[in-house]
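**Q** Residue-level listing of the chains:
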Amino acid sequence: MKTSLLSFTATLALVAATAQAEEVRVYNWSDYIDEALLEKFESETGLKLIYDVFDSNEVLETKMLAGGSGYDVVVPSGTFLQRQITAGAFQKLDPAKLPNSGNLWDVIADRTEAYDPDNAYSINYMWGTTGLGVNEPKVKELLGEDAPVTSWNLIFDPANAEKLAECGIHILDAPAEIIPAALNYLGLNPDSHDPKDIARAEEVLLPIRPFIQKFHSSEYINALANGDICVAVGWSGDVLQARDRAAEAENGVEVSYYAPDEGALMWFDQMAIPVDAPNPDGAHVFLNFIMDAQNMADASNYVYYANGNLASQPLLEEDVIGDPAIYPDAAAMASTYTTTPYPARVQRTVTRLWTKIKSGV
Amino acid sequence: MRRLALIALPYIWLLALFLVPFLIVLKISLSDLALARPPYVPQWNFGDGWDALKAFFGSLDLENFVFLSEDDLYWRAYISSLKIALISTLITLLVGFPMAYGIARSPEEWRPTLLMLIILPFWTSFLIRVYAWMGILSKEGLLNQFLLWLGLIGEPLTILNTNTAVYIAIVYTYLPFMILPIYAALDRLDDSLLEAAEDLGCSRIQAFWLITVPLARNGVIAGCFLVFIPAIGEVIIPSLMGGSGTLMIGKVLWEEFFSNRDWPVASAVAIILLLILIIPIILFQRNEQNQREAER
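Chains A and B, in that order, are what the protein sequence lines are. Mapping of the first sequence onto the numbering used here: position 320 corresponds to residue 320, and the numbering continues sequentially without gaps. One rule links them: number in the numbering used here = place in the second sequence (from 1) + 1000.
Chain A on its own, in the form it takes in the complex (with noise of 0.2 Å):
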């Protein structure tokens, strides 16, 4: 009697324990995954998963560095991820523990080791370009026929974004890809970090200031797919989702996205473990599903951004693999630019000169 009493004690207590050790918790960018995916990892693995999103990476950046977010799975862009690795916010992964890791596409690799040396630290979850999300329809009903809609012009030329204007233009509320947009434009080396060069971003962007409705990273989609605005600078997925929202909607909104002919910033979502992380176990389940090649084809089929799954290009379907503004041909792949992280002073210029074109003092 008494040992079976013990017994059963050690059992609560180990029940207790596993139940603890059974949720992950995975922050990520919102409206960024098929939810369905959500429940099938639940019912797989037998794990809680508990999903939270944020909009954008400077506020994913502060709970890494102020530490004890309580995550297991965080998804910073590469100059982000890159920081905070040198800031010591993650854990290497354990690849023994990520079996799928073999589906990994080597050419999405290869460019992310830029942030992440042997990507010890992350796996790519997504990555897309920062360009024109543009209703087509409307603007050449502004601008002509001829309305340059896949170049910067459409919005760094005041006179087009003045007409624009009536209709409305929202920019991402992103320093770090709109600042190096303006550099690329002038013919500068988007990467630049000499501050001199950064100022000379305010001659593209000043003078469009007062014809920008809104610099905000998420609410360009509705405005786009409710035909409130008529052009954004956004991110290819978010924009191919307003496309399809308008679509699905039949409010006889058109949306096309452009990454820019002057050269689109291409950009990378990793994956990756806080060095707090109260579950990385579970936090490397969630990798591994996430690496599965079915699984990584149904989350881009959903949201229209590209993987870096090779095993998952044939699963995908039609228009996300076929369609250039998502997986770009070579050529375009070659036309776009990488950036790499701000060291603290000069991030201080370039928030203040954002601040200078967003309020104008």
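Think of the hints as simulated: they come from the structure by calculation, not from any bench. All values derive from a computational prediction rather than experimental measurement. Backbone N, C-alpha and C define an ideal beta-carbon position, used for all residues, glycine too.
The calculated lysine-lysine pairs, modelled on BS3-like cross-linking and capped at a C-alpha distance of 27 Å, are:
(1) A:214 to A:63
(2) B:1083 to A:356
(3) B:1027 to A:63
(4) A:356 to A:163
(5) A:97 to A:40
(6) A:163 to A:214
(7) B:1139 to A:163
(8) A:356 to A:214
(9) A:140 to B:1139
(10) A:97 to A:48
(11) A:214 to B:1083
(12) A:214 to A:140
(13) A:356 to A:196
(14) B:1027 to B:1054
(15) A:48 to A:92
(16) A:163 to A:140
(17) A:63 to A:92
(18) A:214 to B:1139
So the derived label-pair ranges between C-beta atoms look like this:
(19) B:1155 to A:159: 22 to 30 Å
(20) A:53 to B:1087: 31 to 39 Å
(21) B:1151 to A:159: 31 to 39 Å
Chain A is already provided as a structure; the job is to place chain B on it using the hints.
**A** Below, chain B without anything else, positioned relative to chain A:
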């Protein structure tokens, strides 16, 4: 012993909930930005001993405060926040006083219901209420549609993403904080004072200014503080409803903290904001105390 505990309690409260957080923020404001976790140096742990502590204090400096004084963005943001908070407090008072007066003068059996109506919005999340206002004020929103339908305007008004929207939201959000203390003051008002004033030849308007307003004074002051202090540091309302030109110190602080991950400068901004708020309040209270003593 019990008396001592009673006296000590408020001080412990003040120490734990005000002074300690203040000192932590002050310490960060004197530190330097670093790429680390947390993102500033120097760090000091209890186990490090005296020399480490000395070195720690040696490396603190006022650099961040100097930086704030060199860039006019911060002063403009402080001034602009003060202005927005002052104007909103004034509007809230103008709207809130008559409402509080109306409730206090209404028949006894109505008052609980009326007060309930004032408190009712708190049952809904603040964010949801702000989003509701965004729906009302947007270009295709209820207000514009209503005005267009009435034929009062030919084109939809741009209200959302301007300072006007910020004023509307602040007044709406903080109105109960103005009404409740004024109501509490007016509710205690002895009616016989007004009757006496009228008996002595005061008109009703004179009696209102000579009796009601002075007796409601403390409620008005409490209400104004309750609106002004949170309004000045407001961050959610200006970022959701303000335009890109809405400059408020809460937003600037947010940018320093999140976009620049510059905790030291963000802390310096917060310290100055605190000083801007606390010094006038202390001066005001001292003045009040002097007046009370003079009256005695």
